[in-house]
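Novice: So the chains spell out like this:
2 protein chains.
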Amino acid sequence: MAKDLPKHRLAALDAYWRAANYLSAGQIYLLDNPLLTRPLTPEDIKPRLLGHWGTSPGLNLVHTHLDRVIQDRDLDVLCVWGPGHGGPAVLANAWLDGSYTRTYPDVTRDAAGMRRLMRQFSFPGGVPSHVAPQTPGSIHEGGELGYALAHAYGAALDNPDLLVACVIGDGEAETGPLAASWHADKFLDPVHDGAVLPILHLNGYKIANPTLLARVPRSELDELLRGYGHEPLHVGGADPLRVHHDLARALDTALDRIAAIQREARAGRTGKARERPRWPVIVLRTPKGWTGPDVVDGEPVEGTWRAHQVPLARVREDPEHLRQLEAWLRSYRPDELFDAAGRPSDLVLSCVPAGPRRLGASVHANGGLLTRALPVPALEDFAVPVDKPGSTLHEPTRVLGGLLAQLMRDTEQRRDFRLVGPDETASNRLQAVYEATGKAWQADTLPTDEHLARDGRVMEVLCEHLCQGWLEGYTLTGRHGLFSCYEAFVHIVDSMVNQHIKWLGTARGLPWRAPVPSLNYLLTSHVWRQDHNGFSHQDPGFVDHVLNKSPDVVRVYLPPDANTLLCVAEHVLDSRDHVNVVVAGKQPCFDWLSLDEARAHCARGVGVWAWAGTEDGTREPDVVLACAGDVPTQEALAAAALLRRHLPELAVRVVNVVDMTRLLPAEEHPHGMRDSEYDALFTRDRPVVFAYHGYPWLVHRLAYRRAGHAHLHVRGYKESGTTTTPFDMVVRNDLDRYRLVMDVVDRVPGLSVRAAAVRQTMADARTRHHSWIREHGVDLPEVAHWSWSQ
Amino acid sequence: MAKDLPKHRLAALDAYWRAANYLSAGQIYLLDNPLLTRPLTPEDIKPRLLGHWGTSPGLNLVHTHLDRVIQDRDLDVLCVWGPGHGGPAVLANAWLDGSYTRTYPDVTRDAAGMRRLMRQFSFPGGVPSHVAPQTPGSIHEGGELGYALAHAYGAALDNPDLLVACVIGDGEAETGPLAASWHADKFLDPVHDGAVLPILHLNGYKIANPTLLARVPRSELDELLRGYGHEPLHVGGADPLRVHHDLARALDTALDRIAAIQREARAGRTGKARERPRWPVIVLRTPKGWTGPDVVDGEPVEGTWRAHQVPLARVREDPEHLRQLEAWLRSYRPDELFDAAGRPSDLVLSCVPAGPRRLGASVHANGGLLTRALPVPALEDFAVPVDKPGSTLHEPTRVLGGLLAQLMRDTEQRRDFRLVGPDETASNRLQAVYEATGKAWQADTLPTDEHLARDGRVMEVLCEHLCQGWLEGYTLTGRHGLFSCYEAFVHIVDSMVNQHIKWLGTARGLPWRAPVPSLNYLLTSHVWRQDHNGFSHQDPGFVDHVLNKSPDVVRVYLPPDANTLLCVAEHVLDSRDHVNVVVAGKQPCFDWLSLDEARAHCARGVGVWAWAGTEDGTREPDVVLACAGDVPTQEALAAAALLRRHLPELAVRVVNVVDMTRLLPAEEHPHGMRDSEYDALFTRDRPVVFAYHGYPWLVHRLAYRRAGHAHLHVRGYKESGTTTTPFDMVVRNDLDRYRLVMDVVDRVPGLSVRAAAVRQTMADARTRHHSWIREHGVDLPEVAHWSWSQ
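If you're matching them up, the sequences are chains A and B in order.
Residues in the first sequence are numbered from 180 upward in steps of one, following the working numbering.
Residues in the second sequence are numbered from 180 upward in steps of one, following the working numbering.
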């Protein structure tokens, strides 16, 4: 418990902290002379001064004190550094505790290695300025702010013996995702999950402004944190020894409380009556750029926003800045901290935890090392029987729900699979999972509630950011998951997925990082079936968004029916290092392929559906009807049926695309087709009428290099929608069967004169549709009761 | 002050509320028989039952009581309905108070109009199920949750006489943007701004789950709301008369407090010592689906998530459901509420405020009616002199800052222009604005602070969602603004801008909606100059994102220098109904065009820079070097200079694109070029090497229909980056001058043998670059000191 630390321990902690501060500043400034063995000269200074000093001393302080409690309590700790732009700090500590050298043996823990550490920072060919995949011990890039706490909770889930410390900068605390993440404490099960210790670091300033939480009265901040369900512990000041002492005491208090909460919950008192614990939060107030230059060019710097990046900006040019830098660096007394060979002194090293306990060596931060293959159940148990195509209907996501339920059962002991979603699991028809597990919930309950459970592994909160952040933290620490989301609103996390793809793309290039489970999206309640909600809920553009990113990471699947969805799900659920986007409907959808056919089709990713066209092995097609997505596939097949009836002489090929990246050239994406493959499917010179689920120009963007591109005509969503009938949606966007037939007639040269009449018949059907729905409010019977096999 | 309401007033309020509830339920269910003049039959029921009942009675209650205080206090009130999916409620009230008929005269306030009101709801050809642009009195689509409070604050800014009520559903309260928006109270100036009254409606459930804020102890919720800076007032229950009474009292208390806060602040006590007010918030707890069916098919419905959408789902098929519906509708006693002609009774009408005070008639919700032309200052006062191209450097955003400062001065009295940004105004080098106005700030201050001011019109908070929400609310109520943002992180608001573009696109089609000021983005600190931050801060894909949306709304500009940025800014700042995306750098950039030249160039949006190529009026070009964006323009011009030196016989045309949508076909976008125009610039058959600011395939997506597309070769950002030198960034992405020359050599047929040697020279320069930066950490002198005019 929180006894005062003995003086020699305080002295050691302070020495370690000074060493970390010294190395942090050194990384921003020094090309050479790392130990200041001679007076600094302009040649020792980097020509471009890049980095963030302001947050670094605070991060170093937290690191110093986490190391102490790790030593004293033999804790397994992962730290999420929210202000990860303070890369110099986290790198300095990794070097001090030896985990950097363990990861990068050429950066030795001596003078030569120190020179390298400093020189490489933010230097061409070196390491980035932020905490990044290259940084040992990290699962959290510090670039875009807002996600630290969600990542921390994701890491803590199903890791009962782990403590996740999470430093939250007061800048980050202003973001929406962070503000929402505080409520994640209502989802953390003290029995099966680890603990999260938020450390709100109020250094008072952002880039150029004070921060909100630093400028409200302490009593108001306490109310806020208590309102979030936490019990705040305050530490603050600018006197290092005082702060060391207070922070040590606060950490001890916090960890004692966490231990008590867990002990009590795990002692079997797990009834409904158990109170939701009030987890501690530490509020740490220290000056921005603490221990750095106080005043520069007559302006206050330490303790202000001016310390955010590089406090002394003209060190090479201005002798006074150079003098200030040298005085600053020497103020840490490096000769006490490092021996003549540049190795940390024994005093400094006495603060470093043992091997795997070091924060820079946390196995959780290299979560692929902990990943176990996911036991995806045999698809045979869930597949729907398909005797002939297009004669039966199933809701694809409901079928998938059965498989996910079994997967939940099969991972009940392992607890390494989670389903997350913004209050939409049942709406998306995956509710079979509730037969196997509950929805995580630690808040109050009522007798009418269903499926809420303290240990549930479905995570539902009306916050896409939190869903995404949880799953990122969960998968980066080596576990598996699926994010089920309304298609339109996954754009809410566009920027988060950007960052995650960047992380995975970079991590793939680092041999020491083991592959981690993919981040899987099931996008459903999609653009074509927003009967209830209309225009605001229609956006198929997430596919476009992710396809701008690294082809090594991104995968996009549009299974056209239930069995293909199962096959795609099997593939993505146990994949590694990808972001898999699966778009599939929840509404009744024709079953086109048996399980075996679906397997074969998904293995190819794209293929001719010979039974749907007029393929007889002798004729080249006059036209290719291509389709991707469940609704477009239905319309394309209906168009094929109309063509067969009305223009039987026409040779029609039907091609279905499951894996959108197959359309890319082979040199642009690992799944891309060679031109010969593409041409064999789509031809080089015949018209291709392509019914696509999303924005039509995406298909052009993928296929513009193909020989047949000039003949490619794509229909898709063009931002026309409201609350209306399903068929009206496709008519409004010219994706309907009648329009597709008209497109074929318009594009195939040399058709018989009868074709013009057929075209008019189609146009008439569209007109009939318009008046019918306005009268009846439902789709034409010929559409509503259509089936391929009729 | 809060005296008890007399009984007859309570009775009237309750009658009004019952009428609104009746009309809400009727919209979800009824095709006909709106007044229940005969027993309900299946034929009276809509074939598709779509809509959200659960939240409607709560919204109706709030509307009823807002009307009362509007009457009693003659208030100017705008209401933001966060749970706008409760469209039936807002539509019902608009019909009751006559504002619906005022807007849509064919929906009369009588039986025929009531039938129409009910029938059109969520019916093909009718009105959407959510609050939408079609809804009178609204600035807030209820589709995507999270933005209600930010919109409310945006509407209240600079509207000192306005009260903005904002209903926040407890589902929405879980989102990140909403969670962050609570802190907007630290930016609202009680002197110059209006008031925001949040009404947190805890009906306890989302689609399928309880809500967090309804399931924490009341004391914890109070702490949370106080922590946000508010003073909570609680109202709750399921007994209508009790709730009417309590809500009336709470509203009176809240409005008295607001009046007192404003009175005190406006009495001239505006010194720094003034305390930040604690604005009231009302917490309203009523059952979800209140007054609807209690139990359906044996399951509890009222007061549970099952009431979210359509409580009775099989009314046409199931006689028991039909019976329950009729009993439910009759429980409101419609014969007391409407006369035989279907007009609301006098008792009901007694609750309706006078003409323009009606919520459905608020002029602020049709803000274009209030818009004044923005006095954009003359560009001549800010333009940089350009004697010859490429000989001087300016930071474009800093030049723009001068203009914005003057605009701030010129709108000081009008107060109808705001600049918003996530703590980046100074970082983006617009800080000249602080000479004219301050940063809005009502929280505590310190002596070291700069530019903070209670009445400042720069809004800085580290929350892109709040910036976007404020500006949406501000512009939709008729005022002007600019959002300055790091390019990469504007993706944080992808989904918000989706919704805003949808809103504007729909509103443009409504004759009664006056055009509102555009939402303008200045995206800077862009992909090519993330020297400090590296890979995480690199994403030029927002342009791709918005170009998926309505071409009537979206505009994209990439001014290549300071003067073109001024011209673009002049154009967008006083435009209407657009989302203008302007991408421009903050780093020193060559001045290419004088102000006059810039005006001419921007008017065309794309044009030949004859002085940069070899145009002599006689030769067709052998190759076109095209460019868009400041850094690509510099590289393209450097490539043109290299070609002139090394291959002087080559006819090179340089084309610069400012307005990206010019590349689209004329039939796809109002700014699109006809093929003849495009071909005249880019040729039909010569190679075009295009240096583009963002993802290269975007240019293909825009230009794929052009005759010359097969010859188009685009370079741009392909997700390669880190903290490195500016020139290394372009080299990594093959956008550098040397690579562009190599591309030209590779594509122009029939070049002299010397071309191969030139190509090798270029390749050697790239190799030299690689080793140089790793040694020196800065760019090659030949690049760092290059200028066009040297």
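Watch out, some of these pointers could steer you wrong.
One copy or any two copies: either way a pair holds, since identical chains are not told apart in the list.
Straight-line alpha carbon distances no greater than 20 Å define the calculated SDA-like cross-link-like pairs of lysine to any residue that follow [unchecked claim]:
| hint | residue 1 | residue 2 |
| --- | --- | --- |
| 1 | LYS186 | ARG783 |
| 2 | LYS897 | ASP340 |
| 3 | LYS897 | PRO849 |
| 4 | LYS186 | LEU572 |
| 5 | LYS365 | LYS567 |
| 6 | LYS186 | GLY416 |
Please keep in mind that the hints were generated in silico from the structure rather than gathered at the bench.
Since we're looking at a predicted model, the values are computed, not measured.
Novice: Tell me, which hint numbers fail for this structure?
Specialist: 1, 2, 4, 5
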